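There are 2 protein chains.
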Amino acid sequence: MFSLKLIGYFAGFFSTIAFIPQVYKTWKSKSAKDVSMHMFVIFSLGVFLWLIYGITVNDLPIILTNCVILVLALTQVILKIKYDKTSVNCR
Amino acid sequence: MFSLKLIGYFAGFFSTIAFIPQVYKTWKSKSAKDVSMHMFVIFSLGVFLWLIYGITVNDLPIILTNCVILVLALTQVILKIKYDKTSVNCR
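Residue numbers (my numbering), protein chains in the order written: chain S, 885 to 975; chain L, 885 to 975.
Don't read these hints as lab results, they were simulated from the structure.
On a predicted model such as this, the values are computed, not experimentally measured, just so you know.
Hints are all accurate, no fakes.
Any copy will do: because identical chains look the same in the list, a pair fits if it lies in one copy or spans two.
Quick list of in silico lysine-lysine cross-link-like pairs, DSSO-like style, CA-CA up to 27 Å:
id: 1; residue 1: Lys912; residue 2: Lys966
id: 2; residue 1: Lys969; residue 2: Lys912
id: 3; residue 1: Lys914; residue 2: Lys966
id: 4; residue 1: Lys917; residue 2: Lys966
Start from the sequences and build out the full structure, keeping to the hints where you can.
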């Protein structure tokens, strides 16, 4: 049971931190035209619902991981809106 | 309790289908240079661990949703490798 919990923690950890490199890449390159806005908006909606679910069942790991993912996903949405306005299309 | 389950189903549904627009966008534009490879590799690892977790606790919704997400995330990784090789950098 210990190793099962550990797998769950690692699963949550990796799926949460995964969004950091995307936000960093967009912020550094100041370009996000290949990133799908629909993906991040739909994903944010899903994560928001997970957050409500976590708050309702009072599950701290669900609340915390989804809070972090929601902040990262919404940051990506904001960066995309910002950089899509200013980016130069070369094609 | 019914509405709580419903929130969980919708949360799972949105976080699963969210990856479809990204895969479609990359496939259509044949470009993924703004998409972070690290994000999709780390995310795939997390989803793979969720899948193992789901199989261990024998939870069909966890197994099914993570199977679909894993297929979509790995498809995105393959498309990125493919198009990053052939894309022309305009900067």
